[in-house]
Each structure stands twice: as structure tokens, then as C-alpha cells.
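As a plain string of letters, each chain reads:
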Amino acid sequence: MSIRVTFWGVRGSIPTPGPKTVKYGGNTACLELRFGKEERLIIIDAGSGIRELAGAILAKDLKKGPINTKIFLTHTHWDHIMGFPFFTPNFIPGTQLEVYGPVSFEDDPLEKVVGGQLQYRYFPVNIDQLAAAITYSRLKEDTLDLGGGLKLTTKYLNHPITVLGYKFEYEGKAFCTAYDHEPYRNLFESQPDEPGYDEATVREGAQAAQEENEKVQAFFAGADILVHDTQYTGKEYQAGKQGWGHSSFEWAINAAHRAGVKHLVLFHHEPTRSDQELEGIYNRCVARIKGRTSLVVSVAEEGKSIEV
Amino acid sequence: MKDKDQVLAVIKTYISKMPSLPVAWSKIQEISRNPKATPADLNQVISLDPVLMGRVMKLINSAYYGLNNQITSLVRAIIMLGINTIKNLALSTAVLGGLSNKANFQALNNEGFWRHSLCVGVAAKQIAIKRRKDPKQLEEYFVSGLLHDIGKIPLNNKLSAEYVQALSLTDKEHLPLYLTEERAMEVNHCEVGRLIVKNWNLGPAMEDVVFFHHFLDAYPGDNRDVLLTVAAANYFANSYQIGFSGDRFPAPLAPSVLEELNITRDYLDELESKVSPEIEKAKIFLQVSGS
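As given, the protein sequences belong to chains H and C, one line each in that order.
Per my numbering, the first sequence starts with residue 1, numbered consecutively.
Per my numbering, the second sequence starts with residue 1001, numbered consecutively.
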């Protein structure tokens, strides 16, 4: 095993516990990555799923010594950071935690945005009372050497606030995230008979959208595992969800196929989607692409792991 | 008189929170608060405000610093950053204070300055179209023209008394404004403009236009085409008195500039019929509904 990903939270927007989501899970985004024989730990996102991950880490890793890990936040929308106060290693002396992520245009530091959840009005423990040594670092589009042969590349995606996709490369394998993300589209599309029509703007908008989509596709090209936003069906997306910052199943599957991805994991499930509905959509998608692509497609499921 | 370091310190503080011009501000607020506003509305209103345009360009070029090319297209910036981010940015931009406070009398009025800036932007783009420049570059010509005098905003608003002095010196001695600015404040708007463009990360071409637009002979760099175009557009705006930038006695434009651009003075006459209606259209667009 070079890379193993375990899903602790797969739901978009808000936790959705209850009988309709028992199979795939109702926790919001949290991924556990393990690299190589040493099972080096990296965490992506601190949604409500991180609480259970914390329990697993304490049981498995703490006996080997204090927890020393990095959390990479894709962005700071609440469903991706809401579990942070419940990450129990924060309360254990000796824990060393590095939090990375993009910040929005307001330029508020991550410490305020993420750590700011730990204040008495929201939570019984204040950020200054945590026993762990926590550092916060802002990320932009970049390539970073994380040591030990692990390389990270980040890529801006399309969402109402700044989001980074992450690509981890280790021992010749690549694991990628592309959520929360909506395909770039020409916001200036209009018809010649509409008021204010400007041909040059329409053309430039179309070209910009196409080029940005190609860059995202190039970012995850050839990935062994791609975890992609698929909050909506194509029909839902077309019926009023444009501009919300999420992709459709159809878009993700086509993009992954074009980019030569090996295994696509459908992720960031719509909160109103029941297990039964999700399974139905998945089955229809798989039937439609059967025999037409070598791409493997699966649905992100809480507690399940995939390794390459 | 303040010494140069004191002046620069005052200006640097001001630049970090530079307010928008009142001419476009109300419309910007209206459009940004309107859930039905289209990207085209945003595009139009931002391109009419030099400060907001600069802030959007700063955001795209500092957030996306890994990109190979400097982004100067507002259309692309809106597609990449999304409408929410742009609206939020617009709503968080402050506005220049009113003119009512006599102690803080301003030498240049906002409306005249806005007209001049927009005129140079529109004229620079028209000249670029006439010279069959790559359509992808047209917006860079527009933005460079729109921002060429951006350095005057801090001088006019933070050193108002000195700026009045600089303007009256130009009238008395028939000197170009950048020279009388230097006499009154130790710095000129080109130097201040370059500080702003650097702070906003707008890239070397824009820096050169802002810094060298009165010093064409001294220009050593690679962005000659856009620089000369903006200088010609500026000459046009001043000689046809469209808007007012304080420069009543600018140094004459060397004939070689028009020759190098391959345009004639007759063409500048034609230009007036294209530029003035654009500015009037913008003025009507900027009227806030109900006012």
C-alpha cells in the first residue's frame, strides 16, 4: 500500500443523521490519508466526521507517541471546519498539529476563522486553553515538499469562496481532491438580441471558462484516486443550482474519464439525498458508462477505505 | 512643508485602504446588493471605478500568484473569482468623503477626475482597436488608461492643502502638474501611482504606464506600446478637455509619439465622437434607480 484514504465524513453542507443516511453516512467532510509502511497520517478537512477519526487516531497512533499531524482544509465553509473543536488530540499535551488552508478575500487569518470556533460563546473551551501546539498556515496555489517523498500540489477551484484542490503524490501514486467545485462557466453568455450584448465579452468569457476547466482537468489528470464533488444530478444543477459551487455526477464522471483518472469517488452528497436515492443515481451512472471507459466509479461511504 | 519620507508614509497608510470614487460608488452598492444583478452589470460598474477595478485586479493577481500571466481582464477575473466574491469586495470598499468639509478642501473634484480617467481608458482602448491590437489585450489598454492617474487620489485627499498649491502653481507658471506637485509635495502622482500599482500587484506593464506616462523619453522598458497609447489618450483627454485632471498646461506630446503609433491628429478628432457618447452612457448607467 502506498496511499490509503478512509472516509469519515462524506456529506455536503450539514450533518444529516437518521435512518435515510445510515449506509453512506451523515457526517460532513473528513478524510484520513495514510502513506507508506509507516502509515504517515494526513487529514483533509475537519467536518463533523473528524470526531470519529479522532477516536480512531487515539486508539491506533497515541500508543506510538504524541500525535504529530497536518490538517489540510479545502476551504473554511462551516461544514468543512465544524468538527475542529471536537478533534480530541487538541486537548492532549504533546500533540503537534499544523493546520493549512486557503483564506477568503477578507484576509482574516486561519487561526481566527478556524480556531475562532473555540470561544466561550460557541464552545466550553477557549482556543488558548488547548494543550496541543497548533500552527496555522495560509496556502495558495503551490507545490510543496512535505518530506519523506511526499509531494503536495494545490489548485484553486470554483466555489463562492476560495477553495483548494489537493494532490498528494507518493511512491508514484497520486491522490486528488476536487471539491467543493463547480465547473467554470461563461457567466457572460448572452444572445445577440439581448440588451447589452457584447460579442467580445461573450467570446472572452467562453474562452476563460474553457481554459480554467482545462487547468482543473490537467490538475487531476492520471490520478489513481480522485474524490470529486457530485452534490447534484445534472438535472438538479440545471434547475437552479448553477453558481452554488458544486458539480453534477455527469460532469465529474466525464471530466474524470477525459483526464484518464483511474478511480473516481463520488463525494459531498446532497444533504437531502437518501441512501436509496444515491444508490439509484449511482447504478444509473454506472450502467450508462459500462464498457465505454476504464474508469472505476464508487460512492464515498463513511468508514470505508480505498488504497493504491 | 512635510519632507518626502513623511509624505510617503502618509500616502502608504492611505493606499492600504483606498476608498472608491463617489461617482460610481452608489451604483456599485446598488448592484452588489441586488440578487438579480448579472455578471455583466458587475463588469460594467467595476470597469467605471478605478479603485474598485484595482482592488479586483489585486485580488485575482495576489490570490492566484502561481499563474504564469498577469490577469488584466475583468471578465476573466469575474469568472475565476465568482460573483459572490466580487460583490463582497465591492460592498466592502469605502467611499471618498464628501466635499462639504472646508478644512479638507479638495483641489480636484471627483466628477472631473472620474471623467478624465474614464476618457483616457476608453480612448486608449479605441486607439488599440484602430491599431488592430489582439482583442485579448484591449482590456489591458482600457485598465491602464483608467488607472494612469490613480496616484492623484491620495495626493488630492491626504495632502489637500499642498495639492491646491500645486494646482495654482500650474496656473500661475504654466507648468505641467507633475512638476508643481514635486515643488509642493516632494513627490509627483506618477511616483505615488507606482506605489499603488505595486501594492495592488498589477504587474510591470501597468507600473510602467503609471510611472512613465509623463516621461516617455526616459522609458527603457518593454511596454512601450501600451505606454505610448495611454500617453496619446491622455493628451487627447486634456486637449479636448473631457473631464479635468488638474493638468491645464501639460507638456506637449512629441509628434514622434503619434507617428510611432501611426495615428494622426485628424484621427483624434474622430475619436471624440466615439469617446464622449461612451462617457455619457456610463454617466446614465451610474445613476442610481430612484435618484
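Derived by calculation from the structure, the hints in this document are not laboratory data.
Hints should not be assumed to be uniformly reliable.
[Stated by the list, open to error] Here are the in silico distance ranges between beta carbons for each label pair:
#, chain 1, residue 1, chain 2, residue 2, range
1, C, Pro1135, H, Gly240, 48 to 58 Å
2, H, Thr135, C, Ala1009, 52 to 62 Å
3, H, Glu106, C, Lys1002, 43 to 53 Å
4, C, Ser1273, H, Ile14, 34 to 44 Å
5, H, Phe123, C, Pro1035, 51 to 61 Å
6, C, Ser1026, H, Val296, 54 to 64 Å
7, C, Asn1109, H, Trp78, 52 to 62 Å
8, C, Pro1204, H, Thr143, 49 to 59 Å
9, H, Gln96, C, Arg1183, 33 to 43 Å
10, H, Asp198, C, Ala1161, 41 to 51 Å
11, H, Asp198, C, Lys1283, 11 to 21 Å
12, H, Glu211, C, Val1257, 26 to 36 Å
Quick reminder that beta carbons are idealized off the backbone N, C-alpha and C, glycines included.
Tell me if the beta carbons of Ser1026(C) and Val296(H) are separated by a distance inside 54 to 64 Å. 55 Å, holds
Is 26 to 36 Å a correct range for the gap between the Cβ atoms of Glu211(H) and Val1257(C)? Between Glu211(H) and Val1257(C), where Cβ atoms are some 35 Å apart, the hint holds.
Does the beta carbon distance between Asp198(H) and Lys1283(C) stay inside 11 to 21 Å, or does it fall outside? At roughly 19 Å between Cβ atoms, Lys1283(C) and Asp198(H) fall inside 11 to 21 Å, so the hint holds.
Mind checking the hinted window 34 to 44 Å against the Cβ distance between Ser1273(C) and Ile14(H)? The hint (34 to 44 Å, Cβ to Cβ) is violated, given that Ser1273(C) and Ile14(H) are roughly 58 Å apart.
Determine whether the Cβ-Cβ distance between Pro1135(C) and Gly240(H) falls within the hinted range of 48 to 58 Å. Between Pro1135(C) and Gly240(H), where Cβ atoms are some 33 Å apart, the hint is violated.
Per the hint of 33 to 43 Å, is the separation of the Cβ atoms of Gln96(H) and Arg1183(C) within bounds? 59 Å, violated
If I claimed the Cβ atoms of Asn1109(C) and Trp78(H) lie 52 to 62 Å apart, would that claim hold in this structure? Cβ of Asn1109(C) to Cβ of Trp78(H): about 46 Å, so the range 52 to 62 Å is violated.
Beta-carbon spacing of Phe123(H) to Pro1035(C) - inside the hinted bounds 51 to 61 Å or not: 33 Å, violated
Does 52 to 62 Å hold as the CB distance between Thr135(H) and Ala1009(C), or does it fail? Cβ of Thr135(H) to Cβ of Ala1009(C): about 33 Å, so the range 52 to 62 Å is violated.
Take a look at whether the Cβ-Cβ distance between Asp198(H) and Ala1161(C) falls inside 41 to 51 Å. With a Cβ separation near 44 Å, Asp198(H) and Ala1161(C) satisfy 41 to 51 Å, so the hint holds.
Verdict for Pro1204(C), Thr143(H) (Cβ pair) under range 49 to 59 Å: At 24 Å between Cβs, range violated.
Could you tell me whether the CB distance from Glu106(H) to Lys1002(C) stays inside 43 to 53 Å? Violated, since Glu106(H) and Lys1002(C) (Cβ atoms, about 33 Å apart) do not stay within the stated range.
When each numbered hint is compared with the structure, violations occur for hints 1, 2, 3, 4, 5, 7, 8, 9.
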